[in-house]
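Peer 1: First to last, the protein sequences are chains A and B.
Per the working numbering, residue 33 is the first one in the first sequence, and the count goes up by one each step.
Per the working numbering, residue 33 is the first one in the second sequence, and the count goes up by one each step.
One or more hints might be untrue.
Copies of the same chain look alike in the list, so a pair counts if it works inside one copy or between any two.
With a straight-line cut-off of 30 Å between C-alpha atoms, the simulated DSBU-like cross-links for lysine-lysine are [to be verified]: (1) 321 - 285; (2) 116 - 315; (3) 38 - 360; (4) 360 - 124; (5) 123 - 317; (6) 92 - 432; (7) 131 - 66; (8) 369 - 392; (9) 116 - 230; (10) 317 - 425; (11) 71 - 251; (12) 317 - 285; (13) 319 - 285.
Bear in mind the hints are in silico, worked out from the structure with no lab data behind them.
Quick caveat: nothing in here was measured; it's all calculated off a predicted structure.
There are 2 protein chains.
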Amino acid sequence: MANAPKANAVVSQSGGPTGVINASLVGVIEEAKKHPEIKNLYGAIHAVSGIVKENFIDLKKISDDVLETVAASPSSALGSSRDKPDDEYCKKILDVFKKQDIRYFFYIGGNDSANTCFIINNMAQQAGFELRAFHVPKTIDNDLLVTDHCPGFGTAAKFVACAIMGDDLDNRALPGIKIDCIMGRHAGFLTGAAALGKQRDDDGPHLIYLPERPITMEKFLADVEAVYKKLGRCVIAVSEGIGDTDGITWAEKVTKTDERDGHGNVQLSGTGALADYLAMRIKAKLKVKRVRADTFGYLQRSFAGLQSEVDAREARWCGRHAVQFASKDASGSVAIKRTGTGKNYAVELFRTELANVAEKTKSMPAEFINKDGNGITPAFVDYALPLTGGLPKTEYLGNKPKI
Amino acid sequence: MANAPKANAVVSQSGGPTGVINASLVGVIEEAKKHPEIKNLYGAIHAVSGIVKENFIDLKKISDDVLETVAASPSSALGSSRDKPDDEYCKKILDVFKKQDIRYFFYIGGNDSANTCFIINNMAQQAGFELRAFHVPKTIDNDLLVTDHCPGFGTAAKFVACAIMGDDLDNRALPGIKIDCIMGRHAGFLTGAAALGKQRDDDGPHLIYLPERPITMEKFLADVEAVYKKLGRCVIAVSEGIGDTDGITWAEKVTKTDERDGHGNVQLSGTGALADYLAMRIKAKLKVKRVRADTFGYLQRSFAGLQSEVDAREARWCGRHAVQFASKDASGSVAIKRTGTGKNYAVELFRTELANVAEKTKSMPAEFINKDGNGITPAFVDYALPLTGGLPKTEYLGNKPKI
Numbered sequence: 033m034a035n036a037p038k039a040n041a042v043v044s045q046s047g048g049p050t051g052v053i054n055a056s057l058v059g060v061i062e063e064a065k066k067h068p069e070i071k072n073l074y075g076a077i078h079a080v081s082g083i084v085k086e087n088f089i090d091l092k093k094i095s096d097d098v099l100e101t102v103a104a105s106p107s108s109a110l111g112s113s114r115d116k117p118d119d120e121y122c123k124k125i126l127d128v129f130k131k132q133d134i135r136y137f138f139y140i141g142g143n144d145s146a147n148t149c150f151i152i153n154n155m156a157q158q159a160g161f162e163l164r165a166f167h168v169p170k171t172i173d174n175d176l177l178v179t180d181h182c183p184g185f186g187t188a189a190k191f192v193a194c195a196i197m198g199d200d201l202d203n204r205a206l207p208g209i210k211i212d213c214i215m216g217r218h219a220g221f222l223t224g225a226a227a228l229g230k231q232r233d234d235d236g237p238h239l240i241y242l243p244e245r246p247i248t249m250e251k252f253l254a255d256v257e258a259v260y261k262k263l264g265r266c267v268i269a270v271s272e273g274i275g276d277t278d279g280i281t282w283a284e285k286v287t288k289t290d291e292r293d294g295h296g297n298v299q300l301s302g303t304g305a306l307a308d309y310l311a312m313r314i315k316a317k318l319k320v321k322r323v324r325a326d327t328f329g330y331l332q333r334s335f336a337g338l339q340s341e342v343d344a345r346e347a348r349w350c351g352r353h354a355v356q357f358a359s360k361d362a363s364g365s366v367a368i369k370r371t372g373t374g375k376n377y378a379v380e381l382f383r384t385e386l387a388n389v390a391e392k393t394k395s396m397p398a399e400f401i402n403k404d405g406n407g408i409t410p411a412f413v414d415y416a417l418p419l420t421g422g423l424p425k426t427e428y429l430g431n432k433p434k435i
Numbered sequence: 033m034a035n036a037p038k039a040n041a042v043v044s045q046s047g048g049p050t051g052v053i054n055a056s057l058v059g060v061i062e063e064a065k066k067h068p069e070i071k072n073l074y075g076a077i078h079a080v081s082g083i084v085k086e087n088f089i090d091l092k093k094i095s096d097d098v099l100e101t102v103a104a105s106p107s108s109a110l111g112s113s114r115d116k117p118d119d120e121y122c123k124k125i126l127d128v129f130k131k132q133d134i135r136y137f138f139y140i141g142g143n144d145s146a147n148t149c150f151i152i153n154n155m156a157q158q159a160g161f162e163l164r165a166f167h168v169p170k171t172i173d174n175d176l177l178v179t180d181h182c183p184g185f186g187t188a189a190k191f192v193a194c195a196i197m198g199d200d201l202d203n204r205a206l207p208g209i210k211i212d213c214i215m216g217r218h219a220g221f222l223t224g225a226a227a228l229g230k231q232r233d234d235d236g237p238h239l240i241y242l243p244e245r246p247i248t249m250e251k252f253l254a255d256v257e258a259v260y261k262k263l264g265r266c267v268i269a270v271s272e273g274i275g276d277t278d279g280i281t282w283a284e285k286v287t288k289t290d291e292r293d294g295h296g297n298v299q300l301s302g303t304g305a306l307a308d309y310l311a312m313r314i315k316a317k318l319k320v321k322r323v324r325a326d327t328f329g330y331l332q333r334s335f336a337g338l339q340s341e342v343d344a345r346e347a348r349w350c351g352r353h354a355v356q357f358a359s360k361d362a363s364g365s366v367a368i369k370r371t372g373t374g375k376n377y378a379v380e381l382f383r384t385e386l387a388n389v390a391e392k393t394k395s396m397p398a399e400f401i402n403k404d405g406n407g408i409t410p411a412f413v414d415y416a417l418p419l420t421g422g423l424p425k426t427e428y429l430g431n432k433p434k435i
């Protein structure tokens with residue numbers, strides 16, 4: 033490998049924000065400051081769209097104080113974009129790189145962002161333009177390949193677990209049936225995280241439905257009825273991506289029913305339609321009066337002041353390592369390897385090829401899902417709990433010994 | 033006033049849970065332990081329904097360690113109830129008090145609970161049964177009379193403010209129109225709290241709609257359009273209790289439109305119907321593609337690990353003071369007086385008559401609402417911000433100087 037070129041660098045953030053994507057950004061910035069081969073570090077505003085517009089800010093000029101606040105802030109401090117660049121778009125990006133002498137490209141995002149890195153890297157090679165393109169992983173869905181887990185997931189998992197812990201205590205105080213709809217279009221990791229705060233045998237969520245395990249409405253209603261008959265209450269965690277056994281997601285079905293005509297297109301997040309629909313079905317079938325539904329929505333990915341310490345630390349490391357790897361290699365994606373479990377939880381970072389991550393997604397492995405397809409296994413708790421950085425303990429007195 | 037009788041005491045929690053109602057409970061327990069005139073302190077499970085069923089636990093037996101966890105746990109550790117006792121129900125309660133030699137009654141709840149205290153206290157007086165009935169205030173709505181503010185509000189306000197801070201940064205990253213629907217059927221304090229985390233001039237929420245200021249759909253849409261044209265994005269905080277100028281709440285209207293047929297009764301919380309309806313109307317009128325809606329739901333009142341320190345401390349004081357007042361007076365409600373503002377924020381507690389609080393509610397005072405009826409004033413921030421115990425600082429880089 034040739035020596036690292038002395039040139040400018042650009043960093044950007046793509047896709048749905050997370051609670052720690054800014055920690056990764058700060059990791060890139062603080063590491064870049066240590067590398068004399070990186071002349072200027074530009075932040076592109078609104079991801080790839082900011083690159084083609086040359087909408088840059090000078091990140092090395094930002095004070096350490098401000099950077100610490102950035103690292104602790106949710107959402108994407110440079111703005112984001114849903115643009116999925118095609119070849120022509122990527123060519124424009126490469127033109128800007130050539131014009132601005134940008135030879136380092138750090139892109140914080142999911143599998144689409146890894147793919148953008150991959151395409152631009154290939155174009156640069158073909159054009160004989162030396163470029164170092166690195167992908168820094170982020171996603172609350174935890175669905176990237178190679179890496180043990182994704183920065184962003186632990187913080188979202190903490191939010192979901194704390195929300196369900198509170199909601200389950202609320203449901204004990206005023207019993208009924210409660211549906212909580214959780215993000216994750218294709219992967220159930222975040223919905224599974226609803227169970228991470230369980231402390232008592234009868235703690236909710238009592239049922240968990242994941243995109244990986246399609247079920248019929250009949251089975252769903254029978255499950256809910258069984259729990260309600262046993263406990264007099266039921267807390268249900270449902271993924272927004274849950275599907276029927278016929279291959280159609282429930283969200284699609286909801287928009288097709290007469291009751292939902294006004295709702296427009298199949299939009300999973302930013303609407304309470306799916307959860308409300310399930311509440312209606314339960315109410316109609318089980319004749320239970322108190323049925324409520326909440327959709328956690330964007331709070332799961334952008335909530336101020338609630339990071340998983342473990343997640344924030346790892347996200348920052350991933351940013352730093354991207355810069356370190358770029359001083360040695362031409363391209364890659366930063367990945368996490370778990371080197372210790374339980375109380376000895378530890379990780380190491382390594383480089384993997386962009387092609388291993390680009391455009392690929394991971395689902396919940398079978399060993400994380402219970403046999404009935406309506407809950408998670410202890411193996412999933414072992415996997416996911418350390419990523420939350422620990423959860424608060426709670427007490428309920430209503431089931432203590434009576435006098 | 034006669035000496036405090038040596039007898040048993042009962043404490044219970046009523047109505048919608050909050051994040052610090054358990055801190056008040058622990059305040060009652062720890063203070064009762066210091067009072068030899070209180071023989072046993074019973075916790076009634078599920079409020080008044082637990083009293084009539086004599087469903088009690090012995091609270092003095094619970095260890096200090098467990099009590100500290102209780103104080104930090106959201107929701108009502110003794111369970112709650114929506115029962116609104118009539119005279120016959122109250123007579124049953126009094127019968128249990130006589131049978132169990134209960135002469136202290138501590139009831140943590142809103143104005144309905146104060147009224148239950150009031151009725152039972154009157155009945156006891158008429159029956160010549162010495163009873164000391166004390167109401168401990170709690171409500172996330174902040175709508176009780178006499179007290180400067182209500183325990184429970186500060187924690188819910190912190191949740192709402194942190195949620196909106198994150199959501200506003202999310203909306204900057206991926207611009208569009210975002211509606212956030214917030215609890216508070218008749219009082220707008222909690223919806224107003226959406227503005228407490230504003231740090232930059234163009235931070236959201238850009239529009240705030242309170243139950244105290246009914247508006248027409250036309251004015252609402254015109255407001256949103258104006259902000260969107262100016263900023264290219266818009267974050268809107270809407271109270272679930274918002275009403276039209278014709279006196280009908282929007283939630284009622286939603287359930288009457290054809291689009292919402294499947295939704296059943298007018299239910300404000302535990303459904304995303306109102307927020308989704310507003311999103312649909314905005315989309316139809318303004319032709320903006322990215323319109324999203326979240327309903328914060330039960331997370332606002334029961335979220336594990338997120339208390340306002342100020343609120344938790346005051347809630348505990350209120351519990352303690354109820355027991356202290358009961359050693360001197362026959363009945364009352366604990367109230368908070370603000371004795372210092374801003375950085376010198378401080379409070380004192382005092383006793384007020386049950387009749388001053390029972391069945392009465394407070395709305396947002398006019399000086400807290402802006403002239404256009406679509407936002408709050410600096411006076412409201414001065415009033416409410418100290419109650420959150422402080423909010424995190426955030427940074428956004430997208431509007432920093434360009435290179």
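Peer 1: If you check each hint against the structure, which ones fail?
Peer 2: Hints 5, 9, 10, 11 not satisfied by this model.
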